[in-house]
Amino acid sequence: MAINPNLPITFSPTHRLQWEEAQQKTVILYPEGMVELNQSSAEILKCCDGTHKLADIISTLEAQFATSGLSNDITHFLEIALTNGWIQQN
Amino acid sequence: MAGFNKTNITPPRWLLAELTYACPLQCPYCSNPLDYAKYSTELSTQDWQRVLSQARKMGAVQLGFSGGEPLTRQDLPELVKHARELGYYSNLITSGYGMTEEKIIQLKQAGLDHIQVSIQASSQELNDHIAGTTSFEHKKQVAHLVKKHGYPMVLCVVIHRENIHQMPQILEMAEELGADYLELANTQYYGWAHVNRDLLMPTREQFKAAEAIAQAYKEKVAGKMKIYYVVPDFYEDRPKACMNGWGTTFLTIAPDGTALPCHSARELPGLECPNVKTDSIEDIWQNSKAFNFFRGDEWMQEPCRSCDEKTKDFGGCRCQAFLLTGDAHSTDPVCSKSPQHHLVEAAITSARAQALKPQEKTLLFRNSKNSKQFN
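Here the protein sequences come in this chain order: A and B.
Those letters in the first sequence? Residues 1 to 90, by our numbering.
Those letters in the second sequence? Residues 91 to 465, by our numbering.
Read the hints as simulated data drawn from the structure, not as lab findings.
It is possible that some hints are incorrect.
[To be verified] Just some of the chain A residues that point at chain B, by a computed CB distance under 10 Å:
no. : residue
1   : P8
2   : H15
3   : E20
4   : L29
5   : Y30
[Stated by the list, open to error] Straight-line C-alpha distance at most 35 Å; calculated DSBU-like pairs for lysine-lysine:
no. : chain 1 : residue 1 : chain 2 : residue 2
6   : A       : K46       : B       : K314
7   : B       : K316      : A       : K46
8   : B       : K427      : B       : K330
9   : A       : K46       : B       : K310
10  : B       : K447      : B       : K402
11  : B       : K316      : B       : K230
12  : B       : K367      : A       : K46
13  : B       : K427      : B       : K367
14  : B       : K367      : A       : K53
15  : B       : K402      : B       : K451
16  : B       : K316      : A       : K53
17  : B       : K314      : A       : K53
18  : B       : K367      : B       : K230
19  : A       : K25       : B       : K308
20  : B       : K402      : A       : K25
21  : B       : K238      : A       : K25
22  : B       : K298      : A       : K46
23  : A       : K25       : A       : K46
24  : B       : K310      : B       : K298
25  : A       : K46       : B       : K193
26  : B       : K400      : A       : K46
27  : B       : K400      : A       : K25
28  : B       : K237      : A       : K46
29  : B       : K198      : B       : K237
30  : A       : K53       : B       : K308
31  : A       : K25       : B       : K298
32  : B       : K128      : B       : K451
Owing to the predicted nature of the structure, the values given are computational and were not obtained by experimental measurement.
Just so it is clear, CB atoms sit at the ideal spot from N, CA and C, and this is done for glycine as well.
Using the sequences provided together with the hints, build the complete structure.
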């Protein structure tokens with residue numbers, strides 16, 4: 001599913017993003033399931049706070065990691081996240 | 091102990107808290123033990139709080155409040171609150187019986203994450219017959235209320251020969267109720283379902299037709315409703331990777347505090363299952379005989395032992411192996427490589443013969459009176 005660049009992105013209210021001390025990982029929790037995230041995926045999802053659009057998220061993360069050219073990777077991951085229902089746009 | 095290797099022990103991730111065996115429903119495929127009536131003592135609120143804290147400390151994160159009917163426990167909101175404070179993702183697995191809007195709100199405030207409501211069929215008559223109680227309309231109301239109060243709504247329908255023909259209507263009902271997830275759980279033949287197997291197991295033709303309908307619907311509702319289809323393993327070539335491997339992920343605590351590597355393990359001989367009243371979760375998980383009994387692969391018999399798929403399915407289900415062959419160490423007979431696979435074929439044939447007969451036998455419903463004959 002494609003990300004609409006004109007709408008802010010929100011982490012799904014029916015999922016939970018949580019740091020797990022025992023696993024030393026951020027995870028997504030949902031009914032009877034869990035997805036373990038790597039650090040970059042976790043950082044992207046933390047930006048999905050309902051106020052930022054795709055371009056804001058890309059620039060925030062590029063600044064945070066002092067790098068450029070993350071646009072494709074971030075967009076691709078957010079498309080997967082949208083398909084899986086981890087994030088919403090509306 | 092076979093397969094015992096301390097360095098390989100992974101921490102529990104899933105805690106199933108069976109709060110009680112009390113249940114107003116009488117489903118004839120219930121996974122509770124047949125002799126549940128003899129376990130009348132229940133853990134106290136403090137016991138459960140200690141169990142939740144200890145398991146969370148080890149890394150358990152998914153928590154199921156189950157039973158019996160967990161709503162019969164008056165301290166449920168208190169336990170939910172404790173679980174939320176510890177950082178669990180809490181799932182309430184309920185029949186919906188006894189649920190009110192007030193309770194749904196109270197549990198939400200306590201921090202409950204999700205409510206799974208079971209429905210027995212798509213029609214009132216069949217639902218109420220299978221559940222052994224008038225409950226259909228109320229269950230639908232509960233499903234609406236779960237949705238209304240912002241929970242992800244999971245509808246669970248156990249599939250068997252009496253309702254498999256309703257597959258199209260079940261799917262429509264789930265969509266109409268706005269389910270976020272629909273779990274179509276083909277009956278697994280343990281506990282009460284094992285006793286009623288001849289009357290519950292669909293024929294291969296029925297199963298194939300229903301599966302095709304469910305798979306097609308999956309595509310139709312993609313992005314709206316997720317369908318979890320639990321396969322009936324009697325019609326598979328390979329067994330399920332039961333519990334993701336023994337003592338690797340799942341921890342069940344029964345109402346009386348018995349700790350089990352899976353909710354059916356109570357019926358396996360020789361495990362000497364420990365109890366949380368006397369042992370800590372850490373000690374139970376790491377050191378108990380029961381949790382180490384089928385860890386790893388040294389316990390395996392042939393053909394599992396030399397099979398290149400043993401790391402994928404771990405030899406299948408120990409309870410199924412025991413129920414069908416009498417030996418919990420044997421290869422799960424569901425596997426076509428099992429020398430005892432004919433037992434599965436015989437079960438299918440026997441159920442089919444029963445299906446073609448005018449109904450002579452009747453289902454054995456799960457209730458205390460029936461349970462007492464197994465004590």
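Would you list, in rising numerical order, the hints stated earlier that this structure does not obey? Result: hints 1, 10, 12, 13, 14, 15, 18, 22, 26 and 31 break, sorted rising.
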